[in-house]
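Protein chains: 2
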Amino acid sequence: MIDIALIGTGGMIPLHNRFLSSMAARLNGSILLIDCGEGTQITLCQLGWGFKNLDYICITHFHADHIAGLPGLLLTVGNSGRTEPLIILGAEGIRGVAEHLRVIAPELPFEIKYIELPSANTGAQTSYILGKYNITALNLDHRINCFGYALNINRSGKFDANRATEQKIPLKFWSRLQNGETIKYDSKIYTPDMVTGPARKGIKVAYITDTRPTDSIPDFIYGADLFICEGLYGDDEKRTKAAEHKHMVFSEAAGLAKKGNVKELWLTHYSPAMTIPDDYLEIAKNIFPNTRTGYDRMTTNISFDKE
Amino acid sequence: MIDIALIGTGGMIPLHNRFLSSMAARLNGSILLIDCGEGTQITLCQLGWGFKNLDYICITHFHADHIAGLPGLLLTVGNSGRTEPLIILGAEGIRGVAEHLRVIAPELPFEIKYIELPSANTGAQTSYILGKYNITALNLDHRINCFGYALNINRSGKFDANRATEQKIPLKFWSRLQNGETIKYDSKIYTPDMVTGPARKGIKVAYITDTRPTDSIPDFIYGADLFICEGLYGDDEKRTKAAEHKHMVFSEAAGLAKKGNVKELWLTHYSPAMTIPDDYLEIAKNIFPNTRTGYDRMTTNISFDKE
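As you go down the protein sequences, you meet chains E and X in turn.
In terms of the working numbering, the first sequence opens at residue 539 and continues consecutively.
In terms of the working numbering, the second sequence opens at residue 539 and continues consecutively.
Calculated from the structure, these hints are not laboratory results.
Keep in mind it's a predicted model, so treat the numbers as computed, not measured.
Heads up, a few of these hints could be off.
Repeated chains share a single entry, so a pair holds when one copy, or any two copies, can fit it.
[Claimed, not checked] Heads up, simulated DSSO-like pairs for lysine-lysine below, C-alpha to C-alpha not over 30 Å straight-line:
hint	residue 1	residue 2
1	Lys-779	Lys-590
2	Lys-784	Lys-590
3	Lys-823	Lys-784
4	Lys-796	Lys-726
Build out the structure end to end from the sequences listed, making use of the hints.
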């Protein structure tokens, strides 16, 4: 089971009743954050997940509303007692940007490791395995280099006693193999896949902001259990303005959700001028019925299918 | 008349119900801000003074809770339509720190001018005239170089017709001189002080955080209409802890207010662990009765004495 929380749902300017867009995932106690604008630590604190287990921070791009909160958050993570390394993943240059911001957070009790995503054309993808998270980054179409992220939680196949018997695997190893251990015994190597059937459907969560709709997004988000997508403006009349600023309107996000055959769409990254996102919800629902307007600290948990 | 507002009253970590310590002054429409931690723009926005007329930012020191909000605030000021230069005043190195933080706010529609306060021993003072504000900075006693600020609004003397007559100043110039104009006429120079009596008492507001009490503070704040001072902890039992971290308890702030013969003391910069500052207010009032516990967006206006 993975917990997902929208930390903030605003774009451009942090407001007291709508913090800047950010999401967090929690899996086996390990927290992954996507984006960290000014004030993210304030609303993240309200969520109550704590700061010590923040293992990964993925940055979509270097506009201030997505990264300005980094030094303050790092200091707060430091004050939480963390000593284990923290990984920050972002576009090429993330190390330089983060280290500039750390002029006011030079001393931390943990190491920061950086992963710089290679610069490439819109639509390019790169994948990383960070702990239990399988992360794929997608090059988007914004005013500066910007990445969407998909979190995949893989699930191994069911235990298959027949396969284990056929392969003459000693009974005493079955449970350890089932738990993912690889065992070397009597000059033989036994691996977990030897006692399991085909891999089962995992969990997929996709997070896309800031960008125009691109041809590659539907494939990237395909079949996601949850698709979190920007909708800077609600009204279709603002489509031209959205295009100028390299953002989306609600109907464009819903169109991607439909093409991507996702289970559920949450909208986020609203313009500060949009007081009540629900005023425009029907526009999105007409295209993709299972759409919800995100709000700060909206949470869900997603489990593997029962089988 | 000058408006004064506490923008935030917290120390170390921004909280959703207590933003980081900062104060703003507004005089003839010109806004001066002291300190800008993460989230300052959020609570400043709630105050409703706008961003366009933010002319001066004074930074006490370079700890993140006093400066991390700078790049976000500068961008928001830029979005407000400001094109006039903005002055940032702070310890030696302020330009470098601010420019590092501006890695995520490189393009602004206004120029930033920096004033770097000279490094000196605790107790040293430096004065600047910034528009209508007469600002004096005092070297404090913190873990890093830190400055307190006093804002003095000077007031010229009353118009004195007898003096003007004695000096044979043409009647037609009296009103212009009274309004502060210097006039050159018939190879003579007439200055405003030629038609006014002795300067009258102005307005003084002092802001002191983060520091231990120092010998120079009472003189620096002497006679202030309003003295805003840190009290990281409320209880006297925390005096040793306060000293270790180079901060103050409420009673120490009250002691300074008493020695400085100020009119009113507002406490600020509370520890995140102090839920209800009023629980400790009596401790301060026993030493300096006219003490109030500050809260976010607490405001007052101070006028010249009637005379």
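Tell me, which hint numbers fail for this structure?
Number 4 - this is the single hint that the structure violates.
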